[in-house]
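Below, each chain spelled out in residue letters.
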Amino acid sequence: AQSVTQLGSHVSVSEGALVLLRCNYSSSVPPYLFWYVQYPNQGLQLLLKYTSAATLVKGINGFEAEFKKSETSFHLTKPSAHMSDAAEYFCAVIRGGATNKLIFGTGTLLAVQP
Amino acid sequence: GAVVSQHPSWVICKSGTSVKIECRSLDFQATTMFWYRQFPKQSLMLMATSNEGSKATYEQGVEKDKFLINHASLTLSTLTVTSAHPEDSSFYICSARDKSAGNYGYTFGSGTRLTVV
Chain A
31 AQSVTQLGSH VSVSEGALVL LRCNYSSSVP PYLFWYVQYP NQGLQLLLKY
81 TSAATLVKGI NGFEAEFKKS ETSFHLTKPS AHMSDAAEYF CAVIRGGATN
131 KLIFGTGTLL AVQP
Chain B
562 GAVVSQHPSW VICKSGTSVK IECRSLDFQA TTMFWYRQFP KQSLMLMATS
612 NEGSKATYEQ GVEKDKFLIN HASLTLSTLT VTSAHPEDSS FYICSARDKS
662 AGNYGYTFGS GTRLTVV
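Top to bottom, those sequences are chains A and B.
Residue 31 is where the first sequence starts when you use our numbering, and the numbers rise one by one after that.
Residue 562 is where the second sequence starts when you use our numbering, and the numbers rise one by one after that.
If you are wondering where the hints come from, they were derived from the structure by calculation, not from laboratory data.
For each residue, glycine too, the CB sits at the ideal point set by N, CA and C.
One or more of the hints may lead you astray.
[What the hints assert, rightly or not] Across the chosen pairs, the derived CB separations fall in these ranges:
1. B:R674 / A:L37: 26 to 36 Å
2. A:T102 / B:Q603: 20 to 30 Å
3. A:E96 / B:I573: 38 to 48 Å
4. B:T676 / A:G46: 30 to 40 Å
5. B:E648 / A:P144: 31 to 41 Å
6. B:A633 / A:E96: 25 to 35 Å
So here's chain B without its partners, still in its complex pose (with noise of 0.2 Å):
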């Protein structure tokens, strides 16, 4: 089945400092990718979604030059958290859409536990 691949699991960093997370899609095309935030006993809310060689839409209240999204293909997406700051400290999961399994084929990565110290 598909596999989405996402890096690293978990991250602790200093405040003010950038972190990147990676998500492949690794048997599969992701023509559009989304990436969320889960705070500890939440929901999933979604930040942004990037499709393929454009730029990413961001939902209302993200801060788009605080969490930069490249999908430079169609199999890697990354999230880059700039600047960190203790309240960025959350789960991140990012989801890829299978092109192959037609509008609704959603595979999840395993998650990025950022700690901001």
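Here chain A stands alone, though its shape is the one from the complex (with noise of 0.2 Å):
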């Protein structure tokens, strides 16, 4: 079945500073991939996804993220922190069938020190 592993429960960057956040997806198919971004007690925005188009997808407020075939990656980056950028970040995969249920990764929490 579909899933996807976020290496780092917590990252941490200074403003201005690259911001990368990894995920890794195990799947037998070709996998439709997500981020998304979550606010302190709020419901989650997307960021991007990946659905077999352009393997570098560039979503909302800089980022954009690069699927990689051979290692099994969809790493979301930003070039440079801002502070309103800390937040929980989930890495998402859709597990198909008739329902196409999008299964989360465990979640980063990114902290932007000034």
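With the hints as a guide, dock the two chains, each given alone in a separate frame, to form the complex.
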């Protein structure tokens, strides 16, 4: 069954530094992958998604992710962190079948230091 | 863009009572809705999937008699936590799939913080 693994439950960067959040997937078929952001006590907001088109996916708020089949990875990056980027980030994959369930990784809490 | 309205945003109830959480898709038809549960500092765990007009499909380990899901229309799904106990305290989030966005347009509600005392 399709799944995702997020390495690093906590990541801390300085404001203006590169953000790199890691996600590896496991899938026997071409996966559909997503990155979501969650602010405290709120729902999830879609940052970007990969649905087998371009391997480099650009999302909102300056984030992007690259699908690398050889590495089974879909890491999220942002060139320059902003204080407002501090939040929880979830990688997700669609688990196929009739209902296409969205299954989440364990999440990475991003802290941005001034 | 697609919006999912979830109410209430927080609720406190006494042990043994039931609580209903509503999830509405405001500007699109949601053929499928998903209900998730999130414990503090943890990920979202899928509880059940509901399709309009049919019975919900529950994930392994989720008590269907405890968590009643109704998806009576293309814009409304409800989750009722019956005979709630303190261990049911959690953050519940719904997600609706936008039919017009194909199979990969998922929109999330803002969540409901349930505290059972």
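Query raised in the report: Is 20 to 30 Å a correct range for the gap between the Cβ atoms of T102 of chain A and Q603 of chain B?
Result: The hint (20 to 30 Å, Cβ to Cβ) holds, given that T102 of chain A and Q603 of chain B are roughly 24 Å apart.
Query raised in the report: Should the hint that A633 of chain B and E96 of chain A are 25 to 35 Å apart at their CB atoms be regarded as holding?
Result: violated (42 Å)
Query - T676 of chain B paired with G46 of chain A, Cβ distance criterion 30 to 40 Å - result: holds (39 Å)
Query - 31 to 41 Å as the expected CB spacing between P144 of chain A and E648 of chain B, which holds or is violated - result: holds (39 Å)
Query raised in the report: Does 26 to 36 Å hold as the CB distance between R674 of chain B and L37 of chain A, or does it fail?
Result: holds (29 Å)
**Report entry** Distance restraint hint 38 to 48 Å, applied to the beta-carbon atoms of E96 of chain A and I573 of chain B
**Finding:** Between E96 of chain A and I573 of chain B, where Cβ atoms are some 44 Å apart, the hint holds.
Of the hints listed earlier, the one the structure fails to meet is number 6.
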